[in-house]
Every structure is written in structure tokens, then in C-alpha cells.
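Participant: 1 is the number of the first residue of the sequence shown in the working numbering; add one for each residue after it.
Mixed in with the good hints there might be a few duds.
[Stated by the list, open to error] Restricting the straight-line Cα-Cα distance to at most 30 Å, the calculated cross-link-like pairs of lysine-lysine (DSS-like) are:
#1 K222 x K393
#2 K282 x K74
#3 K393 x K86
#4 K282 x K270
#5 K222 x K576
[Unchecked claim] Distance windows between CB atoms, simulated:
#6 S2 x P422: 40 to 48 Å
#7 Q242 x C279: 48 to 56 Å
#8 A59 x A4: 46 to 54 Å
#9 P103 x G572: 24 to 32 Å
#10 S56 x R92: 30 to 38 Å
#11 A4 x R418: 16 to 24 Å
#12 Q250 x R167: 27 to 35 Å
In short, the hints are calculated from the structure, not lab data.
Bear in mind that the values here come from a model prediction, so they are computed numbers and not experimental data.
We treat Cβ as the ideally placed atom computed from N, Cα and C, and that holds for glycine.
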Amino acid sequence: ASIASTDLGLLLQDDVFVDFFNTFLNLPVFGQTPLYINGMARWYLWPELPSHLDPSPAALLAWLEKHRLPHFCKSSLCLHLVLCQKLLGFIRSGEAAELLNWPSADRWLLERCISGSQGMQHFCTFVQGTAGEELIDFWLITERLLGVDESDGSQRELFLSLVHRLRATHLREGSSVVTLCTTIAGSLPKARHIQSISTRRDILSKMQEQALFIIQSYWLPKFFMHCKVGMEEEESCWPLLQEYQEHLSQTCWQEPPGLSEPLPMMHIRKSQGVSGPYCSQKAKAGIWALVKEGRDTQELKTATFWVKPEEQPGPAGSTEELCLDKDALGSIPQQSEQPATPAFGGRGGVTFAGIPQSSAEQDLENLCKEKILSDLPPSASLARLPSLKKPVKTLDFLPWALSAEACAGRPFRDFLQRQNRPMETHLLDLWHDLEEFLPVVLDSNRENNFFLRHLIGEKICKTYLEEGSIGKLPLETRTLVSLWNHLICGEFSPWIFRAQKEICKVLCSLYEEFLAEDDRTFLQFMAPGMDIPVPEVPGRAAGRGEHFHLSQRMNQSLKLSQALHGTRSLEGVSSKHWQLLAARDLQKGGSIQAEMEVLLGR
1 ASIASTDLGL
11 LLQDDVFVDF
21 FNTFLNLPVF
31 GQTPLYINGM
41 ARWYLWPELP
51 SHLDPSPAAL
61 LAWLEKHRLP
71 HFCKSSLCLH
81 LVLCQKLLGF
91 IRSGEAAELL
101 NWPSADRWLL
111 ERCISGSQGM
121 QHFCTFVQGT
131 AGEELIDFWL
141 ITERLLGVDE
151 SDGSQRELFL
161 SLVHRLRATH
171 LREGSSVVTL
181 CTTIAGSLPK
191 ARHIQSISTR
201 RDILSKMQEQ
211 ALFIIQSYWL
221 PKFFMHCKVG
231 MEEEESCWPL
241 LQEYQEHLSQ
251 TCWQEPPGLS
261 EPLPMMHIRK
271 SQGVSGPYCS
281 QKAKAGIWAL
291 VKEGRDTQEL
301 KTATFWVKPE
311 EQPGPAGSTE
321 ELCLDKDALG
331 SIPQQSEQPA
341 TPAFGGRGGV
351 TFAGIPQSSA
361 EQDLENLCKE
371 KILSDLPPSA
381 SLARLPSLKK
391 PVKTLDFLPW
401 ALSAEACAGR
411 PFRDFLQRQN
421 RPMETHLLDL
431 WHDLEEFLPV
441 VLDSNRENNF
451 FLRHLIGEKI
461 CKTYLEEGSI
471 GKLPLETRTL
481 VSLWNHLICG
491 EFSPWIFRAQ
501 KEICKVLCSL
511 YEEFLAEDDR
521 TFLQFMAPGM
531 DIPVPEVPGR
541 AAGRGEHFHL
551 SQRMNQSLKL
561 SQALHGTRSL
571 EGVSSKHWQL
581 LAARDLQKGG
591 SIQAEMEVLL
601 GR
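Make a model of the complete structure from these sequences and hints.
Facilitator: Right under this line is the structure:
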């Protein structure tokens, strides 16, 4: 709430906020995906506006405040920003210096390690599989729940969903939260029978404070030691460690209060000219065609792209020919046939009248092969990609966009509600609930896996698949029946992919309307009085290298957001984490720029 009520110009003076906000802005659900380099006070727009326009930064901020910031405040990225700010506040406090005997140089290095969306991902990866993971998850869910007005009928369903999730995981007997927050948890059983909203909220708020204190006083110091050891083994981090040693040698060293020189005036990079009308849908098709090509070349293990030189330090600049390994398209991982066996096992199998079971299984197996499950990413990243021989259609990249929507505060859902589309909104909710179910059911190592998969599976069945509801959904009956048979038992089913594919067909034209509306509102702010769409103007078309940059920028943003949102399994700590830390500079693009530098090479 405090972020939503603060002037965006002031928010952009905070490097940590800019890092999270940039990650959010580049999620591929949106039409316009700008990037802000705060060290230069420069905005990069994509798609670009025609070069004859002189867009105003004030107009851009007004558009962002109205059409992006409210969704950011509802996203999981915003929750992680709030937690990151609280951890940084503790690190900088006198309490931390006294309690943990941290010199100022230690605090400086720990800030470097944990700042930004990438830093928080690294911290969450470090505590994965420990009580620290459960404490962080509890803090995030509680933060979201305490921000919901349960007396508001429109928020009641969200409130109950969060309460049920807490009770099924962190508030059950024996959980790390109940065990560690002992002084407060004793009041919890009684609290369930107390009708006072303020009392329940007070108890949860106190438990949340206790959880945060344990994270700060126990897990942060352990993370700091982990970072120091890891950085010593990674050559790219040695300059950072050398700077840290210099700070240590200066006993009275204090971090400079800020730049003495005034920041440059905020401005928007002038377009070099575009060909064709302003249309984000068409621009996305060009990006997605390159993503498809990158996916195809992974079979050969490497692909070569020429990336056009960019201004430095602009977003993801690189001036050399790039040889990309199989991780280049991170959210489009290699195919795997690993799930083929469990996909068709288990109880509750269905035989369809008139269709031999072997034929139905073969159809589903083919659909499963379009999905890559070995790395446990969401199905959207796994959707079948279009052939370059055919024009790219919206349906081809819609799963990619919907996966990003879950991390972006659900802007497409808000659009459907404004259009008075209850059935389509219901379908979109089903798509996202299935998406949430997948990583839980497929990752047996996930914290509270057993409880969560049964909780989510039963919720999907009761909300969408019961006898009274099933006839209202425009999906094939056998798809819905097969979903019920597996999800009611908390089991994985390949019919999840079939259902999501059918949902995308229903939502496709509405997503195109959503992009068109996003374009219209953007142009109303940035080019008032101009006819929409923007008339064609002569100029350059986006080149192959630029499209490659953009596809990777959005891919890395999605990958990072999914990891924090919980729809992508966190990767184990590897040398890449230390390379990202060495490359990350919050003044020069932060987490997204670091991802690109490590991916493309300096």
C-alpha cells in the first residue's frame, strides 16, 4: 500500500525498487515492455515509438503509475521487494552491528549479495530445503494475507485461499513456523475460535515478526558466510572481494552517502525509426519466432547470433558474435521423455467410449513430448512452439504470456473482468491453478509437497470440476473428467496440458484485445491526439540481433519471476550465481542486465 501511494519519480530513486520493477516491466504478458537504467536516468522503450515523436518522461511516468504500478503492487515480485527492503534495513541498522558484530565492510558486502530480485533468488536458493525456506514462505503469504480486506466480498475468496494454504502448511503441528515461533504459536489454536478479526490479524502479525527476526538474525549471517566462501572460489568475484578487503582495512570506513554529482535529467532514448504501425502483438510475434529458432538450434547444442552493438551501459550490450549453449533459452529447456512413465500411471484412469485406450494414450504422449518436464518449469514455457515456415500467431506465444501473467499481478484477468467476461475469467483462473499445481506435484523435494498438492488438487476439483460446474466450461468432457480422476488424488496428469491448450484457444482472441487496449492506453499518454494505430513511418526494422536481445531479456525476466513466484523450481547454487553477483550493478540495469551479461558474455 505504501508503494502504491508513493510518487513513482521518488520510487525510481531507490535502486532496489528499480531492479524489481524492471524485472516486472519486462514480463512478456504486457504489450509495452520498457527498461530503466537509473545510473543514466534513461528509459528504453519496446516496441519503440516512431522517431518523429518526442515522448515525454512525465507522460511515461503517468502511464506507468496508472497501468503498471497497481499490478506490480499485487505481484509476488512486490512481496519479495518488501522482504528485501526489510532485510536491507536490518543489515544497515545499529541493531545488526551490535547483535552480530558486523563491521561496516561486512554490511556493505552483504548488501551487494542480497540486493535486487536476483539477490533474493540467491538467498531463497541458499535456504532451500531448510527451515529458512518455510519461514520465508510463511512471511510472504502472511504479508499478502494481512494486506487483504476480508470484509470486502471481492477479496473474500483470495483471503480464504491464503488462510487454507497457511493452515495446510505452516500452521500445522510440527511445522518449522509453529516450532520456532513458540512464544506466539501457543495462542494459535485458541485464535481459530476467536471471531475478532483484529485478534487473528494481531497473532499472525506477531508470528510474522518472529519469523522475520529469525531470518535476519540466523539465516542472513549464514548466507553471508556462504557468499564469502563461494566468491573466493569464483575468479569473476575477486575484484569485488578485493574492494571488500580494502574496506576492511579502513577501520573507520563508511559507505559514501551518495553521488556528489547531480543525476542526469530523466529521458527516453530516441528511437532510430520503426517501420509499420505501433503494434505490440506484431512485435511479440517477431520475438517469438526467434525464441522458436533458438529452441530448434538447441538440438545442435550451440547457435550463433550476431548481436548489434548497443550504447554502453545500455541494456544487455554486447559487440561480439555470440556462441550460445543449451542454457541460452533458459525458460525453453531441453525436451525430456522422463515423465512418460508416471504420466500414464496411477489410479483413476479413464477409457473413452469409441476411442481405443492405446490411441488416447498415444495422443497424450505426443502432447507430453511438446512439454519439457525434466527441469520442472511451468507448462507455458513448454508450450509447442510455432514453425518458422508459418506466420507466428498469437496462440503460439499465448502460453508464454499467461505464465508471465501469474507473476505480473494478473493484468489480463483484470481486463476480462472489465469486459464482463465471467466464463473466460473462470477459465483463466483454472489455467493458473493448473499451472500452480504442476511444479508442486512434479517436485517431490518441494517443502510441504504432500499437503500442497492435495490442497491445490482438491481446490481445482471443487471449484471447476464438480458436476454442477463442469457443464459450464467450454472444454472437452473427457478432458475435464480425466482431470478430476487424477487431481482429486493429488496426482499428476498429462490431461493438464490438454486442458491448458483448450483454454488458450478460447482466450486467444481476448488476449489480442488486451494487447490492443494496452497499445491504445500507451499511445494516449505518449502521443495524445494521434490517430491509433500509429501511421506507418519510414525507418529501420528491428534487426535479428535486437530481436535476440529482447527475447532473452524477457526470457530472463520470466525465469527470475517464476523462481520467486514458485512456479519454477529453484536451481541449486552454482558458479552462475557468483558470476551474476559479480556482474550485477543496480545502477546499470541490475539483475536483468547481469543475467544478459552472463548469458551473452561481456
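Participant: Honestly, which of those hints from before does the structure not fit?
Facilitator: Result: hints 1, 3, 6, 8, 12 break, sorted rising.
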